[in-house]
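K.L.:
Heads up: the protein sequence lines correspond to chains H and Y, in order. Adding 57 to a residue's 1-based position in the first sequence gives its number in our numbering. Adding 57 to a residue's 1-based position in the second sequence gives its number in our numbering.
Among these hints, one or two may not hold up.
[To be verified] Listed next, with one range per pair, are the computed distances between beta-carbon atoms: (1) H/Glu-93 with Y/Gln-131: 49 to 57 Å; (2) H/Arg-66 with Y/Lys-118: 29 to 37 Å; (3) Y/Arg-128 with H/Met-107: 36 to 44 Å.
[As the list claims (entries may be wrong)] Derived pair list, reagent style DSSO-like, types lysine-lysine, alpha-carbon separation capped at 30 Å: (4) H/Lys-65 with H/Lys-146; (5) Y/Lys-146 with H/Lys-68; (6) H/Lys-118 with Y/Lys-75; (7) H/Lys-146 with H/Lys-75; (8) H/Lys-65 with H/Lys-75; (9) Y/Lys-75 with H/Lys-65; (10) H/Lys-68 with H/Lys-146; (11) Y/Lys-118 with H/Lys-127; (12) Y/Lys-68 with H/Lys-75; (13) Y/Lys-65 with H/Lys-118; (14) Y/Lys-75 with H/Lys-75; (15) Y/Lys-65 with Y/Lys-75; (16) Y/Lys-118 with H/Lys-75; (17) Y/Lys-68 with Y/Lys-146; (18) Y/Lys-127 with H/Lys-118; (19) H/Lys-75 with Y/Lys-65; (20) Y/Lys-68 with Y/Lys-118; (21) H/Lys-68 with Y/Lys-75; (22) H/Lys-65 with H/Lys-118; (23) H/Lys-146 with Y/Lys-65; (24) H/Lys-68 with Y/Lys-65.
[Claimed, not checked] Residues from chain H that face chain Y, not an exhaustive set, calculated with beta carbons under 8 Å: (25) Lys-68; (26) Leu-74; (27) Leu-77; (28) His-119; (29) Ala-120; (30) Gly-121; (31) Gly-129; (32) Val-132; (33) Val-138; (34) Val-141; (35) Phe-145; (36) Val-148; (37) Val-151; (38) Gln-152.
Bear in mind the hints are in silico, worked out from the structure with no lab data behind them. Bear in mind that the values here come from a model prediction, so they are computed numbers and not experimental data. For every residue, glycine included, the Cβ atom is placed at its ideal position computed from N, Cα and C.
2 protein chains.
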Amino acid sequence: MLVHAEVKRFKPQAAVLKALAHPARLLIVDELSRGERCVCELTELVGARMPTVSRHLSLLKHAGIVDDEKRGAQVFYRLRVPCVLNFFKCVQAVQAGGK
Amino acid sequence: MLVHAEVKRFKPQAAVLKALAHPARLLIVDELSRGERCVCELTELVGARMPTVSRHLSLLKHAGIVDDEKRGAQVFYRLRVPCVLNFFKCVQAVQAGGK
DNA sequence: TCTTTATTTAGCTAATTGCCTAAGTATGTC
DNA sequence: GACATACTTAGGCAATTAGCTAAATAAAGA
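Given these sequences and hints, build the entire structure.
P.N.:
If you want it as structure tokens, here you go:
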């Protein structure tokens with residue numbers, strides 16, 4: 058099946074949005090906006106198993122949205138691109154009905 | 058399986074991002090930023106079948122991102138929430154490497 | 001070293017998504 | 001009315017995603 062060049066141009070950008078397009082990952086990003094957190098903290102926050110949360114984090118990391126740093130036995134994640142927080146406002150505008 | 062209330066809080070916001078998280082839909086949004094377009098124009102732009110494009114548009118509409126208006130035999134779509142265009146800049150920042 | 005804690009990777013299954021074709025609806029024209 | 005055009009809806013199939021458990025890896029402590 059044929060895909061236009063124009064569509065392909067937006068593939069990397071879609072990948073970033075896709076990485077954010079999950080409630081658990083948005084919760085994580087929101088939490089990281091208040092400072093770095095280890096996987097165990099995020100696991101408790103999200104309320105899923107650690108492997109599940111680890112995969113979400115891996116996805117966000119590969120998308121370039123977060124960074125990780127190992128300190129001792131723990132891995133801390135932090136927001137690498139704070140401007141994604143602006144999305145929350147606009148998304149609210151969408152739900153409110155335009156603007 | 059148990060899902061925390063915190064995660065649920067982000068579900069509607071994730072739905073909006075999910076609606077945008079596809080290259081064809083981003084292309085459509087980008088095109089609509091320059092004015093309203095009928096489905097046939099967008100179909101040609103995207104380079105897929107009309108039913109496929111119609112479904113993409115339906116998704117964007119249900120997410121609250123675009124509006125449609127039938128005029129004669131054609132249906133015109135327009136951007137309802139221009140602030141989504143800001144996403145493009147931030148996504149580029151993600152790819153560029155932070156900020 | 002042995003054990004515990006923190007995290008990731010692998011492998012499985014269920015659910016979702018995206019594309020297609022075919023069929024249905026609505027408008028405009030002859 | 002018959003037909004063409006514009007669009008949406010339905011149904012099916014392949015690919016992706018999200019969750020889980022189990023197993024692997026790594027650091028810390030007894």
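K.L.:
Now tell me, hint by hint, if it's right for this structure.
P.N.:
Structure-based check of all given hints:
For H/Glu-93 and Y/Gln-131, the hinted distance range of 49 to 57 Å is satisfied, since their beta carbons lie about 52 Å from each other. At about 23 Å, the beta-carbon gap between H/Arg-66 and Y/Lys-118 misses the expected band of 29 to 37 Å. Range check, Y/Arg-128 to H/Met-107: Cβ separation about 54 Å, and the 36 to 44 Å hint is violated. As the CA atoms of H/Lys-65 and H/Lys-146 are separated by approximately 28 Å, the hinted pair is consistent with the 30 Å bound.
A threshold of 30 Å between alpha carbons decides the hint, and for Y/Lys-146 with H/Lys-68 the separation of about 15 Å falls inside it, so the pair holds. A hinted pair counts as satisfied when its Cα atoms are at most 30 Å apart, and H/Lys-118 with Y/Lys-75 qualifies at roughly 18 Å. Restraint check for H/Lys-146 and H/Lys-75: the C-alpha separation of about 18 Å stays at or below 30 Å, so the hint holds. With a CA separation close to 15 Å, the supplied pair H/Lys-65 and H/Lys-75 stays within the 30 Å bound.
Proximity of Y/Lys-75 to H/Lys-65 is assessed by CA-CA distance (about 18 Å); at most 30 Å being required, the pair is judged to hold. Annotation: proposed proximity of H/Lys-68 to H/Lys-146 holds, straight-line Cα distance about 24 Å (limit 30 Å). Between Y/Lys-118 and H/Lys-127 the alpha-carbon distance is near 43 Å, which puts this suggested pair outside the 30 Å criterion. The hinted pair formed by Y/Lys-68 and H/Lys-75 meets the criterion: a straight-line CA distance of about 14 Å does not exceed 30 Å.
For the proposed pair Y/Lys-65 and H/Lys-118, the alpha carbon gap of about 22 Å is at most 30 Å, so the pair holds. Between Y/Lys-75 and H/Lys-75, the direct Cα distance comes to roughly 6 Å. Compliance with the 30 Å bound is thereby established for this hinted pair. With a CA separation close to 15 Å, the supplied pair Y/Lys-65 and Y/Lys-75 stays within the 30 Å bound. Straight-line distance between C-alpha atoms of Y/Lys-118 and H/Lys-75 comes to about 18 Å, which keeps the hinted pair within the 30 Å bound.
Between the alpha carbons of Y/Lys-68 and Y/Lys-146 the distance comes to roughly 24 Å, so the proposed pair stays at or under 30 Å and holds. Simply put, Y/Lys-127 and H/Lys-118 have alpha-carbon atoms about 43 Å apart, too far for the 30 Å limit, and the pair is violated. Distance hint between H/Lys-75 and Y/Lys-65 is fulfilled; the C-alpha atoms sit about 18 Å from each other, no more than 30 Å. Distance restraint check for Y/Lys-68 and Y/Lys-118: the Cα-Cα separation of roughly 17 Å lies within the 30 Å cut-off, and the hinted pair is therefore satisfied.
Proximity of H/Lys-68 to Y/Lys-75 is assessed by CA-CA distance (about 14 Å); at most 30 Å being required, the pair is judged to hold. Restraint check for H/Lys-65 and H/Lys-118: satisfied, since their Cα atoms lie roughly 22 Å apart, inside the 30 Å limit. Distance check on the hinted pair: H/Lys-146 and Y/Lys-65 sit about 18 Å apart at the alpha-carbon level, within 30 Å; holds. Restraint check for H/Lys-68 and Y/Lys-65: satisfied, since their Cα atoms lie roughly 28 Å apart, inside the 30 Å limit.
Annotation: interface hint on H/Lys-68 holds; nearest CB of chain Y at approximately 5 Å, less than 8 Å. Hint status for H/Leu-74 relative to chain Y: holds, with the closest Cβ pair at about 4 Å, below 8 Å. Because the smallest distance between the Cβ of H/Leu-77 and any Cβ of chain Y comes to about 5 Å, under 8 Å, the interface hint for this residue holds. Below 8 Å, beta-carbon pairs count as interface contacts, and H/His-119 has none with chain Y, the closest being about 11 Å; its hint is therefore violated.
The interface hint given for H/Ala-120 holds, since its Cβ lies 7 Å from the closest Cβ of chain Y, which is under the 8 Å cut-off. About 5 Å separates the beta-carbon of H/Gly-121 from the nearest beta-carbon of chain Y, less than 8 Å, and the hint is met. Restraint check, H/Gly-129 versus chain Y: the minimum CB separation of about 25 Å is more than 8 Å; hint violated. A least Cβ separation of about 19 Å between H/Val-132 and chain Y goes past the 8 Å threshold, and the interface hint is therefore violated.
Contact between H/Val-138 and chain Y, as hinted, is supported at the beta carbon level, the nearest pair being about 5 Å apart and thus within 8 Å. Given hint, H/Val-141 at the interface with chain Y, holds; its Cβ is 6 Å from that chain's nearest Cβ, closer than 8 Å. With its C-beta approaching chain Y no nearer than about 7 Å, H/Phe-145 sits inside the 8 Å limit, and its interface hint holds. The beta carbon of H/Val-148 is positioned within 8 Å of a beta carbon in chain Y (closest approach about 5 Å), and the interface hint is therefore held.
Residue-level restraint check for H/Val-151 holds (minimum Cβ-Cβ distance to chain Y is 5 Å; threshold 8 Å). Interface restraint check for H/Gln-152: the shortest CB-CB distance to chain Y comes to about 6 Å, inside 8 Å, so the restraint holds.
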